[in-house]
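Can you build the whole structure from these sequences, using the hints too?
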Amino acid sequence: MPRFGASPGVTDSSKSAFHLWQGFSIAAVIIGVLTVALMLWAVVRYRRKGDQIPEQHQYHLPLEVIYTVVPILIVFGLFAATLVVENKATANPKTSVTIDVNAFQWGWQFLYPGTNALVYGQTTQSPVMVMPVDTNVHFNLTSTDVMHGFYVRAFNFSRYALPGVVNTFTIRAQNTGTYFGQCTQLCGLYHSLMFFRVKIVSAADYAKWIASFNNPAGIAAAAAALKTTTAELASGVASKNTYTKFGR
Amino acid sequence: MKVEAKILLGLGLFFGLMCLVYWNWSLENAGGVMMFAGMLLGFLPGGYYYWWSRRMAPRPEDNPQAAQAESSVVVGAFPGSSIFPFVMGMGAFFVVLALVFGIWLLVPGLGLVVWALLGGTAEGRRSGEH
Amino acid sequence: MTDVLDPPVHVEHHDGGHEEHHGPTGILNWLTSTDHKVIGLSYTVTSVIMLVIGGLFAEIIRGQLATPNGTLVSLAQYNELFTMHGSVMIYLFAGPFAFGALANIIVPIQIGAPDMAFPRLNALSYWLYLTGSITMLSGFFTAGGAANFGWVGYAPLSNSLNTPGAGADLWIGGLLLTGFSAIFTGVNLCATIFYLRAPGMTMFRMPIFTWNMLVTAILILLAFPVLTAGLVMLYADRHFGTHIFSVAGGGVPVLWQHIFWFWGHPEVYILALPFFGMVTEVIAVFSRKPVFGYKGMIFATLTIAALSLGVWAHHMFTTGVVLLPFFSIMSLLIAVPTGIKMFNWIGTMWKGQIWFSTAMLMALGFLFTFLIGGLTGIYLASPPLDFFTHDTYFVIAHFHSVVMALVFGGMAGLYYWGPKFTGYLLNEKFGKMQFWLLFIGTQLFTIPLYILGLDGMPRRMAVYPNDPQWKTLNDISTLGAVLIGLSTVLFVINIVVSWKKYPAGDNPWDAQTLEWFTTSPPPHHNFYRLPQIRSERPTWDHNHPNYRSLQHGVHEGVHTLDATEESHV
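Residue numbers (the numbering used here), protein chains in the order written: chain A, 1 to 248; chain B, 1001 to 1130; chain C, 2001 to 2569.
By construction, these hints were calculated from the structure, which means they are not laboratory data.
Please note that a few of the clues may not be correct.
Claimed, not checked - A few chain A residues facing chain C, derived, Cβ under 10 Å:
(1) Gly50
(2) Ile53
(3) Glu86
(4) Arg153
(5) Val165
(6) Phe169
(7) Thr184
Claimed, not checked - Simulated crosslink set (DSS-like; lysine-lysine; CA at most 30 Å straight-line):
(8) A:Lys88 with A:Lys15
(9) A:Lys94 with A:Lys208
(10) C:Lys2037 with C:Lys2500
(11) C:Lys2429 with C:Lys2037
(12) C:Lys2501 with C:Lys2037
(13) C:Lys2429 with C:Lys2500
(14) C:Lys2351 with A:Lys49
(15) A:Lys94 with A:Lys15
(16) C:Lys2432 with C:Lys2037
(17) C:Lys2037 with C:Lys2295
(18) C:Lys2501 with A:Lys49
(19) C:Lys2429 with C:Lys2501
(20) A:Lys15 with A:Lys208
(21) C:Lys2471 with A:Lys15
(22) B:Lys1002 with C:Lys2295
(23) A:Lys49 with C:Lys2429
(24) C:Lys2501 with C:Lys2432
(25) C:Lys2432 with C:Lys2500
(26) C:Lys2429 with C:Lys2351
(27) B:Lys1006 with C:Lys2295
(28) A:Lys49 with C:Lys2432
What you are looking at is a predicted structure, and each value in this text was computed from that prediction instead of being measured.
Positions of the beta carbon are idealized from the N, C-alpha and C atoms, including for glycine.
This is the structure:
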């Protein structure tokens, strides 16, 4: 089945959202093609051929009822499918890892309560949020100043970081890799540069990474634990090409 | 006036139902209050029109069989020209600029507004004659 | 039986009792006129100027996005650009054009009224609009620049801490003025339509354009005061030390969004319904058929309006604090009446004799572009799908498809009704060139943006990552925007070359509704005499008495007035 522009992403809810997208797209294509076909047919078949006035039909009640009722049924179908996926995306299963995400002008801070892990970066430093694969991760998202948007395409998900409010959601990643994240809610001067990255690793690597924060050697150990370079972890321009793009 | 009344009453009723469902389900007050106010806004003129439609004489525009000459009455005052809309507009402009650039702008602003209110009312009482 | 009767309708008016216009001339006439046609023309010219200004901002934006790390403008300037592009286009062009320009000129003559119900209030609406536009745009001349927090002005970004400076206050002030302008127009339209219809013009004999303007006016009255109240609250937070939208004082930032979007969503239907009405009229006339499903159209318009008041939080799905299923089902349901309208438009063309004038081409451009915009809107009504499209270029593509469709509708309206209020036709060759540029430009502009949004490009970005595919898509979109700009230039050229060249006559299109019964342009107080009104197509009935509207199943014959009388409420 074609992607219709979207991608499955790397989480279980991203994949069900993707399938919902495909379903909506099939309905949209069918309705769109049908309607355009009717328009084109009308425009070609009923072009003016002289000055004769055509029959002045104005009503066709059975037809009008059909194209009122059928769309209502389609709408309820789309709504039902939406509810199923939405309940999945907004579910609150038991989680074993918690990440506190604080958005600020103009960067991100990732705290891991119960551990010493802390990641912080501004604009193009693009801080890396590490999380374990195949684990329910609970997020507490808030902002310390204005509204920001926490958006990770690979999760098929975004949520506002609101000052004074803690938004919670659960993500369960199913694939490892590094993915691109960005602020999507206008937040001032450097809104265009408020990047972050998400690095999904195995549970073992994650544990090692967390543990490395207990070690004064700090960043270097963390980088070694993740088999990456210190440069990638601590700084760097957020270029899409650097990262694995899922589904392309 | 019955159709007009029904449109507004219908809108008010729709708002009322939406408000009932929404406010009880979401417990979100801003939307609930706004929907409730919308319901009142539909019922107020709608109710008035409905009450009035049962008392008024049928109008030529509600009569499907009306002849053109039936509306040989004064339909309203239609002044061809008046300086007061412009004056009022300039007054409002200065009042708003006072919000931005300083209270002293309220002097010309309110001055023009008051002039327009008085002058426009007087003009209206003269049925638009200058 | 359908003859014009003498004596003419007697209308008392008090400018000295003359039929011809006397009184001030020149600029004093413009400053003091309360004639809806003069006011409507002022609105048309001003709003088209706003369209050009907003369009210039758009071209600069596309220029900046031509390269990934563009340096055409700075980050700060870019924020001002998209804020003012959106603000000018929505607040200063589309709204005033929709309900101040053509509605002002056309509604009274469509219902046989001598003017709007409150002519001086009508003039005031225009002056408030003009001064509001000047106020908002003058932000560019202040030290801190124009407003830069997006056309939606979300709190807390729009508070005095994050956006000090006069530009933001001028934005608020401009919106206060234009907001009252709109409210007064809403009052005027309702009063005019309720009270000044000609004899025999019952509610269900009004043209669809007038019906749409009535519903628009009611929406204006329900929605705009909410925006005004919100703006007052924002100003108070900025200058009077209140804490309505700031956490520090116990306020709730997201409350701004509730208030803003409670206005904001009806606003987009306030923008759309007038253009729907224009397109309905044009399609009927240039298919030489009556409007198909006339009552269904009215029912659909009322349903759209009612539902539109209950969907505002679909702009807030990603805030995490709104009731998702309620707003989802209400938003999805709006597709139903919109679909009814779409099929009724096709039904109007069906078995007609379609004449591809520029106005009709523009209406067809509207149909196609609005179909795309409408279908993509359905995705956005589903929260899980909105979660990954919100604040990306997918949303931008969606609403630009829709507003470009409205531009097509507006062009259809101008080409169709322009001759009525100026007395002269526009050149059809230039018009068709303009149409093709606009159509190709619109699709080239919007379609890459859908792909970019789904690929992860967020909106309001001055720069974007260095990806060759993204650059290509942005460049195609820029090309489309340039073509749209060229089509606008062509439109202005058309006005210039056609100036007073092709006299129109009373009814150049053999059109159907009442305004085509009077002269082009209409005389002072609009009608020397009125025809008998027995349907929603009084001019058609007068000119083609043997071609009344048919019910399904009834075939053509010679009908007398009484035999085909449809019962109207």
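Hints, one by one, checked against the model:
| no. | hint | verdict |
| --- | --- | --- |
| 1 | Gly50 | 8 Å, holds |
| 2 | Ile53 | 5 Å, holds |
| 3 | Glu86 | 5 Å, holds |
| 4 | Arg153 | 4 Å, holds |
| 5 | Val165 | 7 Å, holds |
| 6 | Phe169 | 8 Å, holds |
| 7 | Thr184 | 4 Å, holds |
| 8 | A:Lys88 with A:Lys15 | 11 Å, holds |
| 9 | A:Lys94 with A:Lys208 | 23 Å, holds |
| 10 | C:Lys2037 with C:Lys2500 | 18 Å, holds |
| 11 | C:Lys2429 with C:Lys2037 | 27 Å, holds |
| 12 | C:Lys2501 with C:Lys2037 | 21 Å, holds |
| 13 | C:Lys2429 with C:Lys2500 | 16 Å, holds |
| 14 | C:Lys2351 with A:Lys49 | 12 Å, holds |
| 15 | A:Lys94 with A:Lys15 | 20 Å, holds |
| 16 | C:Lys2432 with C:Lys2037 | 27 Å, holds |
| 17 | C:Lys2037 with C:Lys2295 | 29 Å, holds |
| 18 | C:Lys2501 with A:Lys49 | 28 Å, holds |
| 19 | C:Lys2429 with C:Lys2501 | 14 Å, holds |
| 20 | A:Lys15 with A:Lys208 | 29 Å, holds |
| 21 | C:Lys2471 with A:Lys15 | 28 Å, holds |
| 22 | B:Lys1002 with C:Lys2295 | 17 Å, holds |
| 23 | A:Lys49 with C:Lys2429 | 20 Å, holds |
| 24 | C:Lys2501 with C:Lys2432 | 18 Å, holds |
| 25 | C:Lys2432 with C:Lys2500 | 19 Å, holds |
| 26 | C:Lys2429 with C:Lys2351 | 26 Å, holds |
| 27 | B:Lys1006 with C:Lys2295 | 15 Å, holds |
| 28 | A:Lys49 with C:Lys2432 | 20 Å, holds |
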